[in-house]
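Engineer: Here are the chains, one letter per residue:
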Amino acid sequence: MEVLVLKDLKTVPDIVHEYNPKELKGQYLIIDNGSFQCRAGFANKKQPQLIFKNLVCKPRKDRNKKETKEEIQQQAPPATLIGNDIVNIEALRFQLRTQFDKNVVTHYFLQEQIFDYIFTHLGINTEGKVNHPIIMTEALVNPNYCRSLMSELLFECYQVPTVFYGIDSLFSFNFNDDIKGTALIVSLGYYTTHVIPFIDGQQVTDKIRRINVGGFHMLTYIHRLMQLKYPMHVNNITLSRIEELFHEHCFIANDYIDSLKKWACHDYYDTHIKKIQLPYTQASAPTQLTAEQKIEKKKEMSRRLAEINARKREERLIEEEDQLARLEEILESYDDEEDSEEFEMGLKEFNLNSYEELEKTIAATRTRIDKIKAKMQAAETGVIEEKPVVIPQPPDGVNVEVWLNQLREKKNTILEKKQVRKQRRIDLAKRRTAAAQERMRIISRLAGKEKGTDDFGSRDEDWNIYKKISREQDSDSEVENEKLLELDEILRHYDPMMNAEEDEKMKMTPAEYHQLHFAVESIRGAELLFQPSMMGICEAGLSETIDYVLKLFSAENQQRLVDNIFITGGIAKLPGLKERLMKELMEIRPFQSTFSVKLANDPSLDCWNGMKKFATTTENIANKCSISQQEYLEFGGEYLKENCLSNRYFKSPIERQDNSMM
Amino acid sequence: MQEMPIFKSKTMQESGVKKRLWKSLKQIQTSERNLYGLNSEAVLYSSINAPPSFKPPKKYSDMSGLIASYCCPQSKIFYHNSEEYKIVKKMPSDIVKGYLTLRGATSLV
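If you read the protein sequences in the order shown, they are chains A and B. As numbered in the working numbering, residues 1 to 662 make up the first sequence, in order. As numbered in the working numbering, residues 1001 to 1109 make up the second sequence, in order.
Check the hints yourself; a few may be wrong.
Computed far set for chain B versus chain A, every beta-carbon distance over 10 Å [as the list claims (entries may be wrong)]:
#1 L1038
#2 S1040
#3 C1071
DSBU-like mimics (lysine-lysine), calculated; alpha carbons at most 35 Å apart, straight line [claimed, not checked]:
#4 B:K1023 x A:K207
#5 B:K1089 x A:K573
#6 B:K1086 x A:K418
#7 B:K1058 x A:K551
#8 A:K262 x B:K1076
#9 A:K410 x B:K1097
#10 A:K261 x B:K1097
#11 A:K229 x B:K1089
#12 A:K229 x A:K573
Bear in mind the hints are in silico, worked out from the structure with no lab data behind them. Glycine included, each C-beta is placed from N, C-alpha and C at the ideal position.
Build out the structure end to end from the sequences listed, making use of the hints.
Structural biologist: Right, dumping it as C-alpha cells:
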C-alpha cells in the first residue's frame, strides 16, 4: 500500500525561438498535428521545438459585467490562450476548444490560430509569407473536404510553397522500420485506434479498420468512475489529475478476468491498493474535550437553564399575584352595591360574564400560584421529582446478550425500512426513475379502465392501490419512530459504548477523508481498448479487430503481417500492452505459429522523428511528392500526391447534375 | 482586435473576422457518402469503421469493476457481492444514473 501525492504539474509557456533565415533557408517545417498534442519544429533540429496540447482557450466575455462602449474600447479583449500558454488548465476547462472532431480537423479557424501560434513561436518573421515547405500529418482516410480546407488555409493564408500530407503512424513506422517492408501497424491515438495492414511498402487501404476508442475515452471513463465513487470530491477530481494518474499508474492487465479475481481478495486489495492523496486544507479542528470537561460543561448548561427557568417562574408569579389582587378587588366591588358599574367594567376587563365565573377564575389563579410556589421551592432545595426510569429486563430464560442482539436486529430492520422509504421518496420526486414510472403506469391504468366493465372496489384489496400511488404513505410512521427511540434507550442502557464504537469507525483523519482508492481503476480504463462494450460502445475491441483484419487476407499474407506487428501512438506507452497483445495473438493465431510484436522506440515522438527522417534522408522524394502552390491552384484543395506515407487519393466525383429531366 | 502576425498574407486578413460555421465530422461524412454514392470504390472515412463486436459483452460491477454475477432488480446496477449490494441499495439515484450512463445502459424514456 502506498499513498501517492499528486504532482499537479503546470505547463510552462513556450518561448519564442530565434529565427535564423540563413540557417533555416528552405528547411522543412514539420508539424505532427495530433488530436492530443501538436509537435512542431524545423527538420534540422534534433527534436520538435514546440510540443503542446492542441487546445485553444477562447475567453468569454463576462455577461454579468455591463460595460459602457468606451470601456469596451479601452480594454483590450482578453487574449486567446493556446497550447502551453494555458497554465492553469482546470480553471479554464469549460472554455477550451479544439480544432478536432475525433481525429479529423474540422474547425479551421481554430486551426488557423494554432498555426499562428506555431509560426510565431518559431520566430518566423518573413512578411506575408511562411517560406518553408511543410510536412504535416492528417487523419487516416481524411475526407477530401477537410484536406481542401487545410490546403486553402496553408496556401492562401500563409503562402507556403509546398505541403506534404502524411499519416502519423506510417511516419513512425518509417522511423522504426523499413518503409518498403510488410507490417501490421497498430496505431493507438487519442480518439481512435487504427489497424493498418501494410504490405510491401503499401497500405491496403480498404482493409484498414478504425476503432473509435482512444486515450480520451479511457481518461473520461476513469474520470467519471472516480467522480461517481467519490461524489464528495467531484470538483477535486479533475481531468488533469486523472491524466497524471493515467500516465503514471495505469497499465494493461495481461489477463483481465484473472486480475479481477485477484482484486476481489481482501489481502490482494490491501497490498496493491494505491491511495491518492487529494490536497486539502487542515480545518482547525475544535480542541478535543476530555470526558470530565464535557460533564462539567453539561452541568454548567443545566445550571444556567435552571436559572433562566427560576427567573421566568418569578416573573410569572408576580404576574399571577397581580391578577389575583385585581380579581379580588372586583369581587369586593360586587359586595358594595354602589360600585355595580365598576364591577361590570371589571368583568368586561377579564372577558367574564357572571359572578360565578369570576369566582372560578380566582380559584384557578390561586391554584396556579400555589403550583408555581411549589416548583420554586423544589428547585431551591434541589429536589426534582424524577420519574423512576424503568428499563425493561430481558424475558425470563433468555441470555442478555442474545436478547440485545435481537433488539439490535429489530433496530436495524426499522432503520432499513426507513432508508428504503426515504429512497422511494427521493425516487418518486424525480421523473425518470423506475419508481416514478411505475406510479405513473398505475395511475394511467386506473384512469384508463373502460366504463361498464369496471369492477373496481368489489374487493377490499383494490383500494390498496391508492396507498401504492400516494406520495404520503411513505412518511415514517410515528409508531416506528417511537419503537426506535425505545430500542435505542434500552440498548444504550446495556451498552453505553454502542455509539462510541460507531463514531470510532466514522472517524477519519482529514487526510484519509481526502484519499482516493485507486484499485481496479488502474487496469479498468485501459481495458476499454479490448472491451469497448464496458463503455457501451458496440464496436469490436482491438484483438477482435486485428483478427477481423487478418481474416481479410490470404493465409500467406496473414503470416507475413503477424510476423511484424508494429505498435505506435501515445497509448502504446501503457505498460503491459505488448505482453497483452502477444497473449491475444496466441489465442487468435493457429497453434504453434509464429508472430512478433514490436513497439515504437518512442511511441509519441517517433512520428515527428519519422517525418524528420523523411525530410532529411529522402529529400528528393519529399520534394517530388509535395503539393506545390501551382498544383493547388490547378487541381484544387483536395488534391493529393500519393506516396507510401500518405493517404490514397480518391478524386471527388464532380457533382452529378440531373440533366435527364431537362 | 489582436495584431495580425507579420507572416500572414495581407489579403486574408479580413476573412478571419467573419464568423463561419464549420461542418462537424458527422456532416462531412454524410455529404461524402452522398457525393460518392454507394457503389464507389473510394475508401471513405466512414467505410473503415471497426466491425461490431461478435462477442457478448462481459458484465462488470459498476462500482468496483470486479466480475459482476448479479444485477440489482430495482436500479439495474451490476454488483459483485452482498457487501456491494448493501451499498447499491442505499445509492442515491443520481449516482445510479451516472453509472448507467457511463455503461451506456440508460434507456431512453
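Engineer: Say whether it holds or is violated: L1038 (chain B) keeps its Cβ farther than 10 Å from all Cβ of chain A.
Structural biologist: L1038 (chain B) clear of chain A: closest Cβ-Cβ about 13 Å, beyond 10 Å.
Engineer: Is K262 (chain A) within 35 Å of K1076 (chain B), Cα to Cα?
Structural biologist: 25 Å, holds
Engineer: Would the hint linking K1089 (chain B) and K573 (chain A) be met if the CA-CA limit is 35 Å?
Structural biologist: 39 Å, violated
Engineer: Is the Cα-Cα distance between K1023 (chain B) and K207 (chain A) 35 Å or less?
Structural biologist: Holds, at roughly 27 Å.
Engineer: Is K1086 (chain B) close enough to K418 (chain A), meaning Cα to Cα at most 35 Å?
Structural biologist: The hint holds at about 15 Å.
Engineer: Is the straight-line distance between the alpha-carbon of K229 (chain A) and that of K573 (chain A) 35 Å or less?
Structural biologist: Holds, because 27 Å separates the two Cα atoms, which is no more than 35 Å.
Engineer: Against chain A, does S1040 (chain B) keep a CB gap of more than 10 Å to every residue?
Structural biologist: 8 Å, violated
Engineer: Just to be careful, I want the Cα atoms of K229 (chain A) and K1089 (chain B) compared with a cutoff of 35 Å; is the pair within it?
Structural biologist: 15 Å, holds
Engineer: Please verify whether K410 (chain A) and K1097 (chain B) have alpha carbons no more than 35 Å apart.
Structural biologist: Roughly 32 Å between the alpha carbons, so the hint for K410 (chain A) and K1097 (chain B) holds.
Engineer: Does the claim that C1071 (chain B) lies off the interface hold, with its Cβ farther than 10 Å from every Cβ of chain A?
Structural biologist: Since the minimum Cβ distance to chain A is about 13 Å, C1071 (chain B) lies beyond 10 Å and the statement holds.
Engineer: Going straight from one Cα to the other, do K1058 (chain B) and K551 (chain A) come out at no more than 35 Å?
Structural biologist: 24 Å, holds
Engineer: Please work out if K261 (chain A) and K1097 (chain B) have their alpha carbons no farther apart than 35 Å.
Structural biologist: Within the cut-off at roughly 27 Å; holds.
Hint check: violations occur at hints 2, 5; the rest are consistent with the structure.
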